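2 protein chains.
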Amino acid sequence: MHKETLGDIGEKELINRLGKFMPKNQISDDCALIKTKNNNNLLVNTDSMVENIHFNNLTICPQDLGWKAVVSNISDLLSSGSKKTIGITISLVLPPRTEWIWVEELYKGINKALKEYGGIILGGDCSKGNEKIISITAFGVQGELELRRNACKPGDIILTTGIHGLSKLGFLIQNKINFGNEFSLNKRLISKSIEHFCRPKVYPNFLNNLLKTRSNKKIRKIGCTDSSDGLFQALQDLAIASNCKAIINYEKIPKVEDWPKGDKWDEYYFFGGEDYELIFSLPKKWANNLSKLDKNINEIGFFIKGEASIEFKDNKKNKLFNKTPYKHF
Amino acid sequence: MHKETLGDIGEKELINRLGKFMPKNQISDDCALIKTKNNNNLLVNTDSMVENIHFNNLTICPQDLGWKAVVSNISDLLSSGSKKTIGITISLVLPPRTEWIWVEELYKGINKALKEYGGIILGGDCSKGNEKIISITAFGVQGELELRRNACKPGDIILTTGIHGLSKLGFLIQNKINFGNEFSLNKRLISKSIEHFCRPKVYPNFLNNLLKTRSNKKIRKIGCTDSSDGLFQALQDLAIASNCKAIINYEKIPKVEDWPKGDKWDEYYFFGGEDYELIFSLPKKWANNLSKLDKNINEIGFFIKGEASIEFKDNKKNKLFNKTPYKHF
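Chains A and B, in that order, give the protein sequences. Following my numbering, the numbering of the first sequence begins with -7 at its first residue and continues without gaps. Following my numbering, the numbering of the second sequence begins with -7 at its first residue and continues without gaps.
A portion of the hints provided could be inaccurate.
No copy labels: a pair is met if it fits in one copy or bridges any two.
[Claimed, not checked] Simulated crosslink set (DSBU-like; lysine-lysine; CA at most 35 Å straight-line):
#: 1; residue 1: K104; residue 2: K(-5)
#: 2; residue 1: K29; residue 2: K193
#: 3; residue 1: K204; residue 2: K277
#: 4; residue 1: K256; residue 2: K145
#: 5; residue 1: K305; residue 2: K4
#: 6; residue 1: K209; residue 2: K297
#: 7; residue 1: K277; residue 2: K(-5)
#: 8; residue 1: K213; residue 2: K120
#: 9; residue 1: K(-5); residue 2: K100
#: 10; residue 1: K247; residue 2: K209
#: 11; residue 1: K210; residue 2: K29
#: 12; residue 1: K12; residue 2: K104
#: 13; residue 1: K(-5); residue 2: K184
#: 14; residue 1: K120; residue 2: K145
#: 15; residue 1: K309; residue 2: K120
#: 16; residue 1: K204; residue 2: K27
#: 17; residue 1: K284; residue 2: K297
#: 18; residue 1: K120; residue 2: K107
#: 19; residue 1: K12; residue 2: K(-5)
#: 20; residue 1: K75; residue 2: K209
#: 21; residue 1: K12; residue 2: K107
#: 22; residue 1: K193; residue 2: K(-5)
#: 23; residue 1: K287; residue 2: K210
#: 24; residue 1: K237; residue 2: K193
#: 25; residue 1: K100; residue 2: K120
#: 26; residue 1: K120; residue 2: K311
#: 27; residue 1: K256; residue 2: K120
#: 28; residue 1: K104; residue 2: K305
#: 29; residue 1: K184; residue 2: K76
Simulated from the structure, these hints should not be mistaken for lab results. On a predicted model such as this, the values are computed, not experimentally measured, just so you know.
Isolated chain A (complex conformation) (with noise of 0.2 Å):
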């Protein structure tokens, strides 16, 4: 008799499922929260990275490996709303084949993060295994401004960070992908992509600029996660959380310049995640406030009242939606 596997169910079932083992009183969002007596709560995160799976030899080189993984995990903390990052933990499974070279390589990449971004390696261990997993914590201390997946509202403008599909461009490019004859890629266009796959950027500032913009100080929760699995799934991650409806505006979502057109690369751009891009809603006038002070960010759709879904303004784009999201199983 055949037995449900977990490629079966997938990887949304599967967190579902799991989510029922944790006690209600936990968020279930990008990061967990420990709450301490002084009220300075800490948000935790845990993000791994499996060879063959997220990464290989050839796409990326242990330093940048180690800058990616500080990053992925900075990320997910400035999505809960941290104000700080307090270190990290490092646990790494190794084959014993490893150079020692490739350990100190991502060991430098690692703290060239933390010296950007702040914190230290407080701790780590080690073990034996057949393929290489960086799998690392992050501690952050949570800051006055509560961002949760499920505090979007409907009304509520929804903005973005930045430009999206970059990273899925510089892994195709690293895998030497023939984009086909139709399509010259310009020397900018994939230095940039190569740069925000290997080499990607958060948002310490983001907080901050936050509250300086903030139209009622007595919104202290508002919508958000990181883009790091898709925008699409980013959107999706919100719409459900919060049981509202995304529109988006496509004319208005932020491109590169010469970013190609066409459904192809639609699809890299919502589907074809690690961007780590903040995707967040906030009431119109705030998110005026915000965008008018920092000039990256931009407004790109809005939530209403209606079944937990993501649609276009322009009907005509609704069946790029229909594409499978970005799948762990």
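Given chain A, put chain B in place with the hints provided.
The following block gives chain B in isolation, referenced to the frame of chain A:
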């Protein structure tokens, strides 16, 4: 040209080298320490269990594995002086062919251990991979007494919370290793060994009993580690971190009833690993008070000034320590 690999340098040297990437003010111990404002410092520990290295389908069922993964983390927290386990985050790497029921059983075991020893599931993540990896990060609150590897002092008595070797014997029995005709292990020893291997226990009252019997309130730091990598390794870690010499009295070492005699059985005892007993050192008076209060605690030797090393009081036994200790790589 052959580049130096992790297999070449071994686990201890690897940990040594990685330590250089950590800030100097960090404790290099069983746990990492996160300092908080109100002096409720947090202890953090990550332990990873890798399929075919730390477990396999034949030797342990998923429910026991979940229990053991939690217990091995709590053991590290206790060995640093944690007064309360806050909770854990769970990071899984699983092949898509993994059956859902396996995951469900794993979580049942995790929750049983949390129910027994305290703490909740705070969050987690799950990735696809070729081999199963269960990585748990546990959070505890640092109690009044700081238990650290580097706090043993010449003159201190060395103590253990319990018996060693049983877990290794359980592992061998589960792997259907033939012990030869000279031994017929009795049923009680067999079931006790399997229980020690599959469902190890820890000592949540240890810290309270230490505080109850403290002879001098000024002492806030004592030498301690757990024997997850074997009794020899624990003694060596204490001796090296504290820079003193351990003298072990073989006659005083507590053994389970019916434990066979002979070099092989001494080897299981000292190098077996996964026993999760606490190995610690106390001033003489305190040691006497504690071992009177808790009959499971045994004095097994003492520290003296000298080169960081371990010796038996009975010289004939010293040949045992020429064996290679537990090695991950």
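Name the hints, by number, that the structure is in violation of. 7 and 28
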